[in-house]
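Engineer: Please model the entire structure based on the sequences and the hints provided.
If you're matching them up, the sequences are chains C and X in order. The numbers in this note's numbering rise by one with no breaks, and the one at position 32 of the first sequence is 32. Every number in this note's numbering is 183 more than the matching position in the second sequence, counting from 1.
FYI, nobody ran anything at the bench for these hints, they're computed from the structure. Hints are supplied without guarantee of correctness; some may be wrong.
To be verified - Label pairs and their in silico Cβ distance ranges: (1) X:V235 with C:E134: 49 to 59 Å; (2) C:K90 with X:I248: 53 to 63 Å; (3) X:I248 with C:L85: 14 to 24 Å; (4) C:I63 with X:S205: 42 to 52 Å; (5) C:D7 with X:E220: 19 to 29 Å.
As the list claims (entries may be wrong) - With a straight-line cut-off of 25 Å between C-alpha atoms, the simulated PhoX-like cross-links for lysine-lysine are: (6) C:K135 with C:K71; (7) C:K135 with C:K123; (8) C:K58 with C:K90; (9) C:K149 with C:K173; (10) C:K123 with X:K197; (11) C:K165 with C:K149; (12) C:K32 with C:K174; (13) C:K165 with X:K197; (14) C:K174 with C:K135; (15) C:K71 with C:K90; (16) C:K58 with X:K213; (17) C:K149 with C:K90; (18) C:K173 with C:K135; (19) C:K32 with C:K123; (20) C:K71 with C:K123; (21) C:K32 with X:K201; (22) C:K135 with C:K165; (23) X:K201 with C:K123; (24) C:K135 with C:K32; (25) X:K197 with C:K32; (26) C:K71 with C:K165; (27) C:K32 with C:K71; (28) C:K58 with C:K71; (29) C:K149 with C:K174; (30) X:K201 with X:K213; (31) C:K58 with C:K123; (32) X:K197 with C:K149; (33) C:K32 with C:K58; (34) X:K213 with C:K32; (35) C:K135 with X:K197; (36) C:K123 with C:K174; (37) C:K174 with C:K71; (38) C:K174 with X:K197; (39) C:K173 with X:K213; (40) X:K201 with C:K135.
Glycine is no exception: its CB is placed at the ideal position from the N, C-alpha and C atoms.
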Amino acid sequence: MQGYNEDIVIEQLQNPATVRQAFARIVEQYSKPLYWQIRKMVLSHDDANDLLQNTFLKAWGSIEYFRGDAKLSTWLYRIAVNETLTFLAKERERRNLTADDADDFLLLNVESEAYFDGNRVQKLLQEAILQLPEKQRLVFNMRYFDEMKYEDMSEILGTSVGALKASYHHAAKKIEEYLEERV
Amino acid sequence: MEKKTPLLDEIGRKHGMKVPESYFADFTEKMAESLPEREIPLSEQPTLWLRVRPWVYMAAMFAGIWLMLKMFTGIFSVENGETPDVEMTASAAEERSIEDEWIAHYVDDYTAYEMLYTDVEY
Numbered sequence: 001m002q003g004y005n006e007d008i009v010i011e012q013l014q015n016p017a018t019v020r021q022a023f024a025r026i027v028e029q030y031s032k033p034l035y036w037q038i039r040k041m042v043l044s045h046d047d048a049n050d051l052l053q054n055t056f057l058k059a060w061g062s063i064e065y066f067r068g069d070a071k072l073s074t075w076l077y078r079i080a081v082n083e084t085l086t087f088l089a090k091e092r093e094r095r096n097l098t099a100d101d102a103d104d105f106l107l108l109n110v111e112s113e114a115y116f117d118g119n120r121v122q123k124l125l126q127e128a129i130l131q132l133p134e135k136q137r138l139v140f141n142m143r144y145f146d147e148m149k150y151e152d153m154s155e156i157l158g159t160s161v162g163a164l165k166a167s168y169h170h171a172a173k174k175i176e177e178y179l180e181e182r183v
Numbered sequence: 184m185e186k187k188t189p190l191l192d193e194i195g196r197k198h199g200m201k202v203p204e205s206y207f208a209d210f211t212e213k214m215a216e217s218l219p220e221r222e223i224p225l226s227e228q229p230t231l232w233l234r235v236r237p238w239v240y241m242a243a244m245f246a247g248i249w250l251m252l253k254m255f256t257g258i259f260s261v262e263n264g265e266t267p268d269v270e271m272t273a274s275a276a277e278e279r280s281i282e283d284e285w286i287a288h289y290v291d292d293y294t295a296y297e298m299l300y301t302d303v304e305y
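Structural biologist: Given below as structure tokens:
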């Protein structure tokens with residue numbers, strides 16, 4: 001299999017004859033990082049799988065709007081983040097919760113999840129992350145687990161690098177405090 | 184430089200979540216198969232009206248400007264005591280004909296002669 005070359009793929013996206021083939025390459029390239037980004041927010045594999053499919057379907061449906069001004073990865077991450085946040089908002093609405101409430105209901109996904117084999121501390125870490133506000137959780141996951149650059153996060157989330165650094169610092173501090181009390 | 188988070192460093196970056204076997208390979212394949220056909224937008228054939236519309240609008244605009252100029256120059260020339268307006272001349276003519284008609288109907292011959300010779304010096 002040929003290596004992935006983003007410039008070539010973007011060029012192929014503009015051509016109706018090669019657009020499908022190019023998009024398949026994109027799915028192959030980005031399904032893994034996007035899946036983990038979504039999964040760490042919703043915790044359930046089934047929900048993450050549905051949201052990943054929706055992300056790619058949305059991207060496919062609006063591929064003509066991608067002009068190559070932003071990076072392809074940034075564009076896909078933005079769609080994935082929007083899909084995830086919309087899903088979480090609907091789940092909260094279904095449970096009569098506000099955006100400020102901790103998403104403890106997601107913890108049930110960890111407890112009943114067949115695809116979770118973490119130890120007690122890893123489960124406790126997920127519990128601590130769920131105490132954070134939604135946006136802070138996003139920032140923490142991107143930085144802590146994926147070690148994403150602040151500049152890339154800034155492009156995806158539309159927030160300044162300084163604000164993201166502050167957000168990560170607060171999130172890490174809160175998690176440390178939560179864990180210290182329980183470990 | 185990021186602040187030290189000893190407990191987090193100790194836990195490490197493993198989250199304990201996993202996926203079904205060959206999930207990503209299967210997902211890529213299924214996704215490629217399930218992509219709907221893209222509708223290629225047909226290029227619209229512009230109607231005759233769509234083609235001439237900008238020219239009609241432009242002609243209407245120039246006609247409007249010409250009429251406005253005509254109206255304003257007419258008003259200014261009357262205010263400056265220049266060429267009287269066509270309407271003003273018409274109304275003056277109308278006034279005169281009313282006078283003539285009044286004389287013809289309500290003034291008898293004697294009174295008419297009297298009016299004519301009143302200012303005549305003999």
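Engineer: Compare the structure with each hint and give your call.
Structural biologist: Hints and how they fare:
1. Checking the proposed 49 to 59 Å range against X:V235 and C:E134 shows it holds: the Cβ atoms sit about 55 Å from each other.
2. Evaluation of the 53 to 63 Å hint for C:K90 and X:I248 yields a pass: the beta carbon distance comes to about 57 Å.
3. Roughly 54 Å separates the CB atoms of X:I248 and C:L85, a value that falls outside the hinted 14 to 24 Å.
4. Distance hint for C:I63 and X:S205: a CB-CB separation of about 27 Å, inconsistent with the stated range 42 to 52 Å.
5. A hinted range of 19 to 29 Å for the beta carbons of C:D7 and X:E220 is consistent with their spacing of about 26 Å.
6. Taken as a hint, the C:K135 and C:K71 pair is honoured in the structure, with Cα atoms around 22 Å apart against an allowance of 25 Å.
7. Pair hint C:K135 plus C:K123 holds up; C-alpha atoms about 20 Å apart against a cutoff of 25 Å.
8. For the proposed pair C:K58 and C:K90, the alpha carbon gap of about 18 Å is at most 25 Å, so the pair holds.
9. A threshold of 25 Å between alpha carbons decides the hint, and for C:K149 with C:K173 the separation of about 20 Å falls inside it, so the pair holds.
10. The straight-line distance between the Cα atoms of C:K123 and X:K197 is roughly 11 Å, inside the 25 Å bound, and the hint therefore holds.
11. For the suggested pair C:K165 and C:K149, the alpha carbons sit about 10 Å apart, so the restraint of at most 25 Å is met.
12. The hinted pair formed by C:K32 and C:K174 fails the criterion: a straight-line CA distance of about 29 Å is larger than 25 Å.
13. Under the criterion of a C-alpha separation no larger than 25 Å, the hint pairing C:K165 with X:K197 is consistent with the structure, at around 22 Å.
14. Distance hint between C:K174 and C:K135 is fulfilled; the C-alpha atoms sit about 14 Å from each other, no more than 25 Å.
15. A hinted pair counts as satisfied when its Cα atoms are at most 25 Å apart, and C:K71 with C:K90 does not qualify at roughly 29 Å.
16. At roughly 16 Å between alpha-carbon atoms, C:K58 and X:K213 fall within 25 Å of each other, so this suggested pair holds.
17. Between C:K149 and C:K90, the direct Cα distance comes to roughly 30 Å. Violation of the 25 Å bound is thereby established for this hinted pair.
18. Under the criterion of a C-alpha separation no larger than 25 Å, the hint pairing C:K173 with C:K135 is consistent with the structure, at around 15 Å.
19. Distance hint between C:K32 and C:K123 is fulfilled; the C-alpha atoms sit about 22 Å from each other, no more than 25 Å.
20. The straight-line distance between the Cα atoms of C:K71 and C:K123 is roughly 34 Å, outside the 25 Å bound, and the hint therefore fails.
21. Only pairs whose Cα atoms come within 25 Å are accepted, and C:K32 paired with X:K201 is accepted, the gap being roughly 12 Å.
22. Of the pairs offered as hints, the one joining C:K135 and C:K165 holds, with about 13 Å between alpha carbons and a cut-off of 25 Å not exceeded.
23. Of the supplied pair hints, the one linking X:K201 and C:K123 holds, its CA atoms being roughly 13 Å apart against a limit of 25 Å.
24. Between C:K135 and C:K32 the CA atoms are separated by roughly 21 Å; this keeps the pair inside 25 Å, and the hint holds.
25. A hinted pair counts as satisfied when its Cα atoms are at most 25 Å apart, and X:K197 with C:K32 qualifies at roughly 16 Å.
26. The hinted pair formed by C:K71 and C:K165 meets the criterion: a straight-line CA distance of about 22 Å does not exceed 25 Å.
27. Between C:K32 and C:K71, the direct Cα distance comes to roughly 17 Å. Compliance with the 25 Å bound is thereby established for this hinted pair.
28. In summary, the hint linking C:K58 to C:K71 is supported, as the alpha carbons are separated by about 17 Å, within the 25 Å threshold.
29. For the proposed pair C:K149 and C:K174, the alpha carbon gap of about 21 Å is at most 25 Å, so the pair holds.
30. Proposed proximity of X:K201 and X:K213 is supported: the alpha carbons are some 20 Å apart, at most 25 Å.
31. For the proposed pair C:K58 and C:K123, the alpha carbon gap of about 32 Å is over 25 Å, so the pair is violated.
32. Straight-line distance between C-alpha atoms of X:K197 and C:K149 comes to about 19 Å, which keeps the hinted pair within the 25 Å bound.
33. A threshold of 25 Å between alpha carbons decides the hint, and for C:K32 with C:K58 the separation of about 17 Å falls inside it, so the pair holds.
34. Our distance criterion of 25 Å between C-alpha atoms is met by X:K213 and C:K32, whose separation comes to about 14 Å.
35. At most 25 Å may separate the alpha-carbon atoms for a hinted pair to count; C:K135 and X:K197 meet this at roughly 21 Å.
36. Straight-line distance between C-alpha atoms of C:K123 and C:K174 comes to about 16 Å, which keeps the hinted pair within the 25 Å bound.
37. Using a Cα cut-off of 25 Å, the hinted pair C:K174 and C:K71 is violated, with the two alpha carbons roughly 32 Å apart.
38. With a CA separation close to 19 Å, the supplied pair C:K174 and X:K197 stays within the 25 Å bound.
39. Taken as a hint, the C:K173 and X:K213 pair is broken in the structure, with Cα atoms around 41 Å apart against an allowance of 25 Å.
40. Using a Cα cut-off of 25 Å, the hinted pair X:K201 and C:K135 holds, with the two alpha carbons roughly 24 Å apart.
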